[in-house]
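Asks: Place chain L on chain D using the hints.
Number of protein chains: 2
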Amino acid sequence: MRIQTLYLLPLIILLSSCSKEVDLNAASNETDNKNYNWRLVTAWPKNYPGLGMAPERIAKLVEEMSNGQMKITVYGAGEQVPAFGVFDAVSNGSHQMGHSGGYFWKGKAPAAQFFTGVPFGLTADEINAWTNRGGGIELWREVYEPFNIYPIPAGNTGTQMFGWFNKEINSLDDVKGLKMRIPGIGGEVLKRAGGIPVTLPGGELFTALQTGVIDATEWVGPYNDLTFGFQQVAKYYYYPGWHEPGSMLELLINKDEWDALPKHLQVIIDTAAKAVNQDILDEYTAKNNKALRELVDVHGVELRKLPDDVIAEFKVISNQILEENAAKDELVNKVYQSYKQFKEEVSAYHKVSEDSFVEARNN
Amino acid sequence: MRIQTLYLLPLIILLSSCSKEVDLNAASNETDNKNYNWRLVTAWPKNYPGLGMAPERIAKLVEEMSNGQMKITVYGAGEQVPAFGVFDAVSNGSHQMGHSGGYFWKGKAPAAQFFTGVPFGLTADEINAWTNRGGGIELWREVYEPFNIYPIPAGNTGTQMFGWFNKEINSLDDVKGLKMRIPGIGGEVLKRAGGIPVTLPGGELFTALQTGVIDATEWVGPYNDLTFGFQQVAKYYYYPGWHEPGSMLELLINKDEWDALPKHLQVIIDTAAKAVNQDILDEYTAKNNKALRELVDVHGVELRKLPDDVIAEFKVISNQILEENAAKDELVNKVYQSYKQFKEEVSAYHKVSEDSFVEARNN
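Protein chains in written order, with the UniProt record's numbering: chain D, 1 to 363; chain L, 1 to 363.
Honestly, the hints are just simulated from the structure, not real lab data. Since the structure is predicted, the reported quantities are computational estimates derived from the model, not experimental observations. Take these hints with a grain of salt, some might be off.
No copy labels: a pair is met if it fits in one copy or bridges any two.
What the hints assert, rightly or not - Distance condition first, Cα-Cα at most 30 Å in a straight line; then the derived DSSO-like pairs of lysine-lysine:
no.: 1; residue 1: K106; residue 2: K179
no.: 2; residue 1: K179; residue 2: K351
no.: 3; residue 1: K106; residue 2: K191
no.: 4; residue 1: K328; residue 2: K255
no.: 5; residue 1: K334; residue 2: K315
no.: 6; residue 1: K176; residue 2: K351
no.: 7; residue 1: K315; residue 2: K351
no.: 8; residue 1: K46; residue 2: K34
no.: 9; residue 1: K343; residue 2: K235
no.: 10; residue 1: K34; residue 2: K71
no.: 11; residue 1: K191; residue 2: K176
no.: 12; residue 1: K340; residue 2: K290
For reference, chain D alone in the conformation it holds in the complex (with noise of 0.2 Å):
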């Protein structure tokens, strides 16, 4: 026995100083300090400028700060799952985590499409507020649960152009019959002025102008559509994008998947993606500046404005068609009026905010 006990010493002084050890790397539980390899799933090509790098730079933020602890793939659209299986892989669980925007997923969930964007509805700024300090992120999460989803917003394009066309439009008569491609609440009211919404990915727009098939597109900004090459194939780039005025992204993640993670890793994935939802808005605002002149002063692009009234025609029809949605379900509506109402006192408080300023300083 006593030849044992000087055997089994060491032993407990290295057990002792060991988990000291363990201490010292401020981990308080084995679930603490398990390794954690996620795959998520996004509704953009690889790499994709903006939309597809929010993902990319979520994931690397999340394995830098867990220290890699975590870490997370990204696979484009179409490499596990296609773009529209996004919120199906994180549903079931095949994948983890998923990065695409919520109005793809209408037809499951229609009041998804709040937490994008609306047309006439809220800018960059004022979805942040809403959803972070103003309501919104409760009935999102409210939206999602019963898709064991958990969102969280993941970047914003800022107010999108309203797009690239073949056709000038100087009267609501232009908008009759005009084929285009817009999805969405957007395509709804094109449909109910007149005109012909088509739906197709966005690889296939390029060609679709050049042939004729469309006679106009809408995309993103000038950012993203200079890289799709728009200006050799359409003549009049269209503005304001009155039907996503600030599409935000959202970052979805498995809610047993995400229940299951320790507090430490909760909060690098929630913050990873709010740093990033600013900045993939502050690529957009820095890139869409040179890319609108590259493509007006190099491309010759012919920048135009909507007319007044084909503008003020266009919001009674999505105001029209937000209140019929709204009557026809109860959750939607339950999220169309914290909406409505914060874009009432927002944009008040706006007018004599920022939107004053923006006058005074460019006057």
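Replies: Then chain L, alone, in the frame of chain D:
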């Protein structure tokens, strides 16, 4: 020798298993595992809404994301150093961190003002884009390098109000002799327009307005101004806040301390500050709505817009002062040229994107 070897066996086994335990914590070396207890001094009262909550939230996020490895204790102005002692405290290393506004340090680093904001300059989104994706952050680090300080953007008030007045401003004549609390370049503009800029700390403004020591004061915006009770002692609330279009706050870090941090803690601090940068703007955007309504609807405050000719003259003078300051100092000129070019491009772009959209939405 034989017994000694037997003795050492468990030691060897345990050392090897012990280092595996440490690996599970994803820590790569001794520095990575060290605990950090840092002190952060601020230019704001402890827990002051908006401004003062930025460092509190950064501290909380850093502690949570590092799983307790880094703790930051936040001190309000005057608790350890006075409000205007923050820069020196971080520079000389008596405190590792500070939170303030760059324009406070114009006496030491005249170029610092651009990283908060200048009259008729960039809005919140625009200064974020310039700083993070337009070359601003590199210039800012160059400006603070001689002071051994590493700056990170950390909060934004959005466009402020021009402020509280007991005299009507109907023309440039009304500006002559006006005693107004307004710091920085805004104060220089007022002086050149014939007014009398006054320097007073926030806590003395209420009494100074009440007793007529000053005719007017600027502060921040409805959310902060309401808590100070200015509505009780001033008649008119003027806009737009031409002097502070989107004031960015700063997290200051002693450069030696920053350089000595392990990479994962650097990324944690940087990301926390970026997330809080947006969060503070979200808070102001959401809360200013309600506060302005309360000021107008409950307290009967009279909202007034500055006359166009007064704004136009302030703009002319502002640009004169900015040009004169740039001519006097090489580094100021370098920062000014970058800021000015970005402003020209981004304001041209925003005219066809967000500004044009907001006009269409609000009409």
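Asks: Confirm or reject each hint.
Replies: Here's how the hints hold up against the structure:
1. K106 / K179: within (22 Å within a copy, 57 Å between copies)
2. K179 / K351: between (36 Å within a copy, 27 Å between copies)
3. K106 / K191: within (18 Å within a copy, 57 Å between copies)
4. K328 / K255: within (28 Å within a copy, 58 Å between copies)
5. K334 / K315: within (21 Å within a copy, 45 Å between copies)
6. K176 / K351: For K176 and K351, only the inter-copy Cα distance (28 Å) is at most 30 Å; the intra-copy one is 34 Å.
7. K315 / K351: both (19 Å within a copy, 20 Å between copies)
8. K46 / K34: within (28 Å within a copy, 38 Å between copies)
9. K343 / K235: Cα proximity of K343 and K235: across copies only (28 Å, versus 34 Å in one copy).
10. K34 / K71: The answer is both: 12 Å in one copy and 23 Å across copies each meet 30 Å.
11. K191 / K176: within (9 Å within a copy, 58 Å between copies)
12. K340 / K290: Answer is between; shortest inter-copy Cα gap is 15 Å, intra-copy 34 Å.
Violated hints are absent here; each numbered hint is respected by the structure.
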